[in-house]
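Asks: Using the sequences provided together with the hints, build the complete structure.
Numbering follows full-length UniProt numbering, with no gaps: position 28 of the sequence shown is 28.
Hints are computed from structural coordinates only; laboratory data are not their basis. Cβ atoms here follow ideal geometry from the backbone N, Cα and C, with glycine treated the same way. Treat the hints with caution; some may be incorrect.
As the list claims (entries may be wrong) - Ranges between beta-carbon positions, derived for each pair:
#1 64 to 140: 39 to 49 Å
#2 61 to 191: 21 to 31 Å
#3 183 to 150: 22 to 32 Å
#4 61 to 149: 28 to 38 Å
#5 159 to 80: 11 to 21 Å
#6 106 to 191: 16 to 26 Å
#7 27 to 81: 13 to 23 Å
#8 180 to 16: 31 to 41 Å
#9 61 to 157: 13 to 23 Å
#10 125 to 74: 19 to 29 Å
#11 180 to 15: 16 to 26 Å
#12 123 to 78: 35 to 45 Å
#13 103 to 191: 29 to 39 Å
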Amino acid sequence: MSPVDSTIIYDILPWDQPRRIFLSGSEGSGKSSILQHIATGSPYKVATQYTFESLCPEWLELSNLTISVLDAHLIHSVMYARAQNFVRANADGVVFVLGDKDDDVVWEDGLHFLSVFVLQVKETEDTPLLVLVNQADQDGARTLDEIDAQIRELLVKKGRVNQCYTIMTFNAKTGVGLERALTWLSDRLREDAIPAIVDKGAAHIQLAPY
1 MSPVDSTIIY DILPWDQPRR IFLSGSEGSG KSSILQHIAT GSPYKVATQY
51 TFESLCPEWL ELSNLTISVL DAHLIHSVMY ARAQNFVRAN ADGVVFVLGD
101 KDDDVVWEDG LHFLSVFVLQ VKETEDTPLL VLVNQADQDG ARTLDEIDAQ
151 IRELLVKKGR VNQCYTIMTF NAKTGVGLER ALTWLSDRLR EDAIPAIVDK
201 GAAHIQLAPY
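Replies: Set out below in structure tokens:
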């Protein structure tokens, strides 16, 4: 399958009013690739600032929309409060990326980051949460039912049973799956009220057609 047409992704993102999307996830899960896929074919470029003090090493500023990356695995615990403040200021929508072939340590770290930087920030209670799973088509990958069970358990533990969220797969290399996933997020951001539409069943889990 040929790489995704990133112009389509760019076109489906919401422009009606200023929005901020917070992008984070486990180490090496494809966060930078997501920004590049969105930027390709658009008049905008990914900006970078790799410094010791910077919480946001990469971002993409579009018309009325800014997507900011937090490399959670580089944030020391003494900086957690500062990072949470960053999330408060930049999370009209949240994209959290996990690598389905991550070893157990990296995987558990990813869930920990989701807990600390999203679920422990009260202001994200009404924020749509898009969980993207990279490499879900590979042999030995975790099943989506298993992933959903872990996400649900975490949401219950943090008192987020009504959290609006979905889990979708994508391919960081080709971008396949991103258009559908970001369409879901864009639709949620365009709604005046965010309903808890995925609190039962597994219909919200969607596998990208690789």
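Asks: Tell me, which hint numbers fail for this structure?
Replies: Those not satisfied are hints 6, 8, 9, 12.
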